[in-house]
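Order-wise, the sequence lines are chains R and B. Heads up: the first sequence begins at 1 in this note's numbering, then just goes up one per residue. Heads up: the second sequence begins at 1 in this note's numbering, then just goes up one per residue.
No lab work stands behind these hints, which were simulated from the structure alone. Some hints here could point you the wrong way.
[Said to hold, decoys possible] Each computed DMTMM-like pair below joins lysine to aspartate or glutamate, with the alpha-carbon atoms no more than 20 Å apart:
hint	chain 1	residue 1	chain 2	residue 2
1	B	Lys168	R	Glu283
2	R	Lys180	R	Glu247
3	B	Lys168	R	Asp80
4	B	Lys133	B	Asp144
5	B	Lys168	R	Glu67
6	B	Lys79	B	Asp144
7	B	Lys168	R	Asp21
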Amino acid sequence: MADQQNTGGVTMPSKPPPWNDPVVRSIVFQIVALILLAWFFWTIFQNTLTNMETRGISTGFAFLNREAGFGILMSLIEYDESHTYGRTFVVGLLNTILVSVLGIIIATILGFVMGVARLSDNWIVARLASIYVETLRNIPLLLQLFFWYTAVLQALPGPRSSLKLSENIYLNNRGLNIPKPIFQDGFEFVWIALLVAIAGIFVLLRWATKRLDETGHTFPVFWTSVGLFIGLPLLVFLIMGLPLNFEVARATRFSLSGGANLIPEFIALLIGLSTYTAAFIAEIVRAGILAVSHGQTEAARSLGLRHGQTLQLIVIPQAMRVIIPPLTSQYLNLTKNSSLAAAIAYPDLVSVFAGTTLNQAGQALEIIGMVMAVYLSLSLGISFLMNLYNKKMALVER
Amino acid sequence: MKTKLLTAISAVGAVAMMATAASAATLDDVKKKGVLSCGVSTGLPGFSAPDANKVWAGLDVDVCRGVAAAVLGDAKKVKYTPLTAKERFTALQSGEIDILSRNTTWTHTRDTSLGLNFAGVNYYDGQGFLVTKKLGVKSAKELDGAAFCIQAGTTTELNLADYFRHNKMQYKPVVFDTSEQTLAGFESNRCDVLTSDQSQLYALRTKLKNPNGAMVLPEIISKEPLGPVVRQGDDQWFNIVKWTLNVMIAAEEYGITSANADAKKSDKNPNVARIVGTSGDMGKMLGLDNEWGYRIVKQVGNYGESFERNVGSGSPLKISRGVNAQWNAGGILYAPPIR
């Protein structure tokens with residue numbers, strides 16, 4: 001029977017013994033559960049290692065330093081057969097990041113346009129947008145990629161009869177060939193000028209917003225930014241004496257060599273991924289816009305704001321709160337869907353590392369583990385950035 | 001009640017976590033299952049492809065059929081699992097298949113670092129190039145700067161890189177998952193050259209819309225000994241597969257065919273007698289019965305019959321025996337003595 005203490009007429013039960021105390025019990029059980037979980041994973045890990053050793057399957061990451069011995073069609077960094085397997089990992093990773101980032105940008109722009117279009121008063125525009133969304137959402141992505149790949153390839157002529165888009169720009173089914181810029185000494189200043197211009201744009205944005213809040217005068221931020229972005233680096237470029245040369249393509253026996261080549265696999269993958277994800281983003285944007293109370297639009301109109309200004313200043317900033325969480329999911333989907341590149345010969349991470357390197361080196365567990373870790377990190381990174389933006393946009397309530 | 005639940009869960013968890021001893025007796029497993037799991041390609045005419053009646057046939061398929069005839073008594077008791085070049089080794093390592101017979105090249109790395117053993121060679125091949133006649137190319141040395149359609153994860157990629165590096169030429173690799181996709185890429189002119197083992201080139205050429213518009217270049221730039229693969233750690237199974245292949249080659253050497261196998265049972269030639277099982281204990285030493293060799297030759301045929309039926313004069317590929325003839329007929333096929 002628990003002792004009862006008298007404190008000013010109110011009887012309160014004293015602290016129960018530890019085995020009855022709910023706080024102590026919950027801590028103990030949580031520790032036990034944690035230990036069991038850790039033991040479970042440790043046993044699985046040890047079991048796998050033991051089994052692999054008894055069967056003679058080699059383990060470890062030493063294979064990353066072995067010579068790769070195979071070529072890769074497209075690489076953002078310097079690569080040839082004498083580089084290591086570790087380098088193929090980096091090449092594949094860069095290719096995946098390239099197509100994911102560009103895909104996200106294009107899909108967002110296209111998705112926003114389609115989402116707003118679907119809400120348009122113009123009947124034809126709204127119906128066309130609906131058809132776009134419904135068709136592309138409901139066909140599996142792999143089929144769409146095959147379609148774009150064959151469509152892109154069939155549409156283009158062979159290398160012997162390339163389309164000449166302009167002097168030194170050729171289009172054929174091996175890719176789009178443009179003169180490759182060769183940066184010479186002094187071009188670093190142009191890069192620096194570009195960074196300064198970008199920083200200047202942010203400063204300009206803050207200053208213009210402050211001025212709008214204080215005086216109500218608008219400032220043509222967009223055109224000034226464009227001028228700054230292009231003008232400042234261009235000025236530095238001219239001052240430094242045009243430190244840029246171009247390498248143009250020559251026709252060889254089979255195709256064109258030299259110049260920078262954009263392979264059709266990349267274009268097909270980019271188009272396929274962007275249009276597919278844009279269909280989903282369009283619906284998310286439409287949901288976000290519809291979530292903003294119609295009273296806001298009516299009030300904006302009664303103030304004399306044009307349709308475009310209403311959208312830009314009133315509706316979309318409020319809609320962003322609803323749009324951003326599902327938008328993050330779509331970005332993650334796009335990044336992971338880029339692994340379908342293996343079906344159309346684009347050398348992304350899965351195709352190069354978890355495909356060719358896995359088969360040549362034979363160490364499936366390590367390689368797949370690395371690839372899974374990469375996709376996990378990419379996804380966590382994207383959702384982290386989006387959550388930061390989301391917090392900034394969140395409603396601050398009392 | 002809660003404690004009982006917790007104890008029950010821990011008990012189940014503990015049982016599940018016990019390291020299961022890897023069962024090394026594939027022979028017993030196959031006999032218990034009653035069917036042989038054979039890993040084959042996704043459809044390579046002549047080696048492993050379903051025919052018009054959806055029945056798998058080919059040179060590699062015949063190896064599996066031979067093992068099934070020896071172990072289970074019936075060459076039809078095989079389950080075929082089509083595998084791409086990327087999955088083939090993992091499927092064998094994990095136990096999903098009992099034997100991999102998928103035109104796989106025997107290399108040092110594959111033999112030593114994957115926990116697998118190559119049980120012999122059933123086709124000596126080499127890597128070649130397929131080009132359209134329109135290009136006017138007569139030799140592989142003229143292929144500087146060309147684009148190549150390749151299948152991912154094969155020795156083809158590595159050999160191509162080595163050859164071009166050695167000859168100081170450039171090339172562009174377009175890498176696909178399956179051989180059908182490489183063919184589609186070649187046909188749509190995405191690449192100038194299709195490169196693979198020569199036998200595959202002949203097989204793929206038959207699938208083109210215009211087979212006569214493509215030609216195989218004379219150069220063979222690598223050695224590709226193709227053979228069946230099994231897991232390490234099971235010597236009995238390794239022996240069974242190895243000697244199944246050897247007995248098919250030896251049967252051709254001594255003139256035993258599926259047609260005359262019954263008649264050969266009364267042949268007094270000791271080599272023939274040991275193969276068909278009328279003398280010696282060759283089968284028992286493998287853990288099978290002594291009729292194993294007779295069943296293989298009767299139901300599947302000897303090596304020569306299998307060759308002609310699948311890739312030789314009896315097939316659309318029309319590949320000549322060449323280096324795959326018997327050692328005493330100008331080739332290098334040499335079965336160790338069955339004695």
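Handout entry: Hint check against the structure, violated hint numbers in rising order
Key = 1, 6, 7
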